[in-house]
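*Asks:* Line by line, the protein sequences are chains A and B. Note that our numbering has the first sequence beginning at 1382, numbered continuously upward. Note that our numbering has the second sequence beginning at 49, numbered continuously upward.
These aren't lab readings, by the way, just hints derived from the structure by calculation. Quick reminder that beta carbons are idealized off the backbone N, C-alpha and C, glycines included. Hints may be right or wrong, so weigh each one.
Claimed, not checked - So the derived list for chain A, only partly shown, Cβ under 8 Å to chain B, looks like this:
#, residue
1, Gly1397
2, Val1400
3, Ala1419
4, Pro1424
5, Phe1426
6, Phe1441
7, Ser1467
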Amino acid sequence: ETGVTQSPTHLIKTRGQQVTLRCSSQSGHNTVSWYQQALGQGPQFIFQYYREEENGRGNFPPRFSGLQFPNYSSELNVNALELDDSALYLCASRVQGMGETQYFGPGTRLLVL
Amino acid sequence: AQRVTQPEKLLSVFKGAPVELKCNYSYSGSPELFWYVQYSRQRLQLLLRHISRESIKGFTADLNKGETSFHLKKPFAQEEDSAMYYCALIPQGGTASKLTFGTGTRLQVTL
């Protein structure tokens, strides 16, 4: 059984650019959530995808968007990057209906200059 | 909106001493509560959840609805317990697994 993987591990962008982060869910998991973790803070929920549809969203603007693919891999897209978007981005996967235990990936560290 | 508060950024204890990591929450319903742990150079992982009432690695946590607390306890700290600990909750009946995390407490166990 493979765990949750994320790519890239690190990324540097400039303000105003767009970025795509990728996540490969743990085998058999059909639900993926994305979190933003700023330095010194706990992770903050961005959104969740199930069956390729967004079915829950935190307090993040529309320039944060996502996709989930039939193989349960997913993407987080952020448009018009701002300096405050610099953070560790985590994805987590689980099996819908099997309780709320989520398995986290190692994260992608994004730096916006 | 729900909120999770972990008042201590750092807790330093000696090996063999008791540990209590504090967590308080604000939420009008009956949340589901969790403790997550992140060891050095490892990913965030579930330590325990209140509905299972398990003891994991010697840690326990009791939900106190009157005090809206979910403190994590261990009677005798070990060096390998040194890590970052996050308390988190999910609202009752939510369709999404929207974990709300606290800011975390770093536990440092020294000899």
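*Asks:* Run the structure past the numbered hints and jot down the numbers of the failing ones, going up.
*Replies:* Of the numbered hints, 1, 2, 3, 6, 7 do not hold.
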